[in-house]
Amino acid sequence: DGGITQSPKYLFRKEGQNVTLSCEQNLNHDAMYWYRQDPGQGLRLIYYSQIVNDFQKGDIAEGYSVSREKKESFPLTVTSAQKNPTAFYLCASSIRTGASSGANVLTFGAGSRLTVL
Amino acid sequence: AQTVTQSQPEMSVQEAETVTLSCTYDTSENNYYLFWYKQPPSRQMILVIRQEAYKQQNATENRFSVNFQKAAKSFSLKISDSQLGDTAMYFCAFMKAFGNEKLTFGTGTRLTIIP
Numbered sequence: 001d002g003g004i005t006q007s008p009k010y011l012f013r014k015e016g017q018n019v020t021l022s023c024e025q026n027l028n029h030d031a032m033y034w035y036r037q038d039p040g041q042g043l044r045l046i047y048y049s050q051i052v053n054d055f056q057k058g059d060i061a062e063g064y065s066v067s068r069e070k071k072e073s074f075p076l077t078v079t080s081a082q083k084n085p086t087a088f089y090l091c092a093s094s095i096r097t098g099a100s101s102g103a104n105v106l107t108f109g110a111g112s113r114l115t116v117l
Numbered sequence: 001a002q003t004v005t006q007s008q009p010e011m012s013v014q015e016a017e018t019v020t021l022s023c024t025y026d027t028s029e030n031n032y033y034l035f036w037y038k039q040p041p042s043r044q045m046i047l048v049i050r051q052e053a054y055k056q057q058n059a060t061e062n063r064f065s066v067n068f069q070k071a072a073k074s075f076s077l078k079i080s081d082s083q084l085g086d087t088a089m090y091f092c093a094f095m096k097a098f099g100n101e102k103l104t105f106g107t108g109t110r111l112t113i114i115p
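Note that the protein sequences, when read in sequence, are chains D and V. Here the working numbering is used: the first residue of the first sequence is 1, the next is one more, and so on. Here the working numbering is used: the first residue of the second sequence is 1, the next is one more, and so on.
These are calculated hints, taken from the structure and not from any lab test. Treat the hints loosely; a few may be bogus.
What the hints assert, rightly or not - Cut-off 20 Å, straight-line C-alpha distance, at most; resulting in silico cross-link-like pairs (EDC-like, lysine to aspartate or glutamate):
| # | chain 1 | residue 1 | chain 2 | residue 2 |
| --- | --- | --- | --- | --- |
| 1 | V | LYS70 | V | GLU29 |
| 2 | V | LYS78 | D | ASP54 |
| 3 | V | LYS96 | D | ASP59 |
| 4 | V | LYS96 | D | ASP30 |
| 5 | D | LYS83 | D | ASP59 |
| 6 | D | LYS83 | D | GLU15 |
| 7 | V | LYS102 | D | GLU15 |
| 8 | V | LYS102 | D | ASP38 |
| 9 | V | LYS55 | V | ASP26 |
| 10 | D | LYS71 | D | ASP30 |
| 11 | D | LYS9 | D | GLU72 |
| 12 | V | LYS96 | V | ASP26 |
| 13 | V | LYS70 | V | GLU52 |
| 14 | V | LYS102 | D | ASP54 |
| 15 | V | LYS102 | V | GLU29 |
| 16 | D | LYS9 | D | ASP38 |
| 17 | V | LYS78 | V | GLU10 |
| 18 | V | LYS96 | V | GLU15 |
| 19 | D | LYS70 | D | ASP59 |
| 20 | D | LYS71 | D | GLU24 |
| 21 | V | LYS78 | V | GLU52 |
| 22 | V | LYS78 | D | ASP30 |
| 23 | V | LYS102 | D | GLU72 |
| 24 | D | LYS70 | D | GLU24 |
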């Protein structure tokens, strides 16, 4: 079955450590996204990528980094510069505009919960 | 920049009743998409319904329908014959039709269906 796989589901980090969250999709989608979810704040966009080897900052990119070396993969690194990294992280992907009737619909992974100890 | 506002943090309704969730948005764009996503306790985000701004007809998906008022920038979700499985967070979201395809979310409405 096609879908998005995020790993790990739960991750604990000590202060000062970098951690990388994995996101892999087999939907042949062009665009991929990372969102952060905090209680009472909805989902906020961290980074997104519309094609391989290209990505753009979202609304809260500080303290995060990404790469898009393959169409299927869009890993997110939470660096030690992120002041409050404890949150639920969601990865998503979509077909680009105009490709089909499903264009612009984001498909989400199951999420990763990061806790800083 | 686009903003999405959901003014009802929490709602509850008896099973089998109808409930309407409110959403307003602010944009200068003429072509865009609006969405309602559902996040049950499993935290998996699920698309409920999608509306294209250039279509005047309101979208419907089984028990779910929207009231899209473009001039008023309003996009409410109506759930008919509510079921226990409808208990979830519901997020309204906006995306421009062209250019950077970012999805902007509201803060969500926690809906509880009471048996």
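Each hint tested on the structure:
1. V:LYS70 / V:GLU29: holds, 11 Å
2. V:LYS78 / D:ASP54: violated, 39 Å
3. V:LYS96 / D:ASP59: Status holds; Cα separation ~16 Å.
4. V:LYS96 / D:ASP30: holds, 17 Å
5. D:LYS83 / D:ASP59: Measuring from Cα to Cα gives roughly 15 Å; hence the hint holds.
6. D:LYS83 / D:GLU15: The hint holds at about 9 Å.
7. V:LYS102 / D:GLU15: violated, 31 Å
8. V:LYS102 / D:ASP38: holds, 19 Å
9. V:LYS55 / V:ASP26: This hinted pair holds, its Cα atoms lying about 18 Å apart.
10. D:LYS71 / D:ASP30: holds, 7 Å
11. D:LYS9 / D:GLU72: Cα-Cα ~19 Å, so holds.
12. V:LYS96 / V:ASP26: holds, 12 Å
13. V:LYS70 / V:GLU52: The hint holds at about 10 Å.
14. V:LYS102 / D:ASP54: Status holds; Cα separation ~15 Å.
15. V:LYS102 / V:GLU29: holds, 14 Å
16. D:LYS9 / D:ASP38: Distance ~16 Å between LYS9 (chain D) and ASP38 (chain D) Cα, so the pair holds.
17. V:LYS78 / V:GLU10: Roughly 15 Å separates the two Cα atoms, so the pair holds.
18. V:LYS96 / V:GLU15: Not OK: LYS96 (chain V) and GLU15 (chain V) at ~35 Å, beyond 20 Å, violated.
19. D:LYS70 / D:ASP59: violated, 24 Å
20. D:LYS71 / D:GLU24: holds, 9 Å
21. V:LYS78 / V:GLU52: holds, 17 Å
22. V:LYS78 / D:ASP30: Roughly 32 Å separates the two Cα atoms, so the pair is violated.
23. V:LYS102 / D:GLU72: Cα-Cα ~19 Å, so holds.
24. D:LYS70 / D:GLU24: Between LYS70 (chain D) and GLU24 (chain D) the Cα gap is close to 10 Å, so the pair holds against 20 Å.
Hints 2, 7, 18, 19 and 22, counting from the list given before, are not met by this structure.
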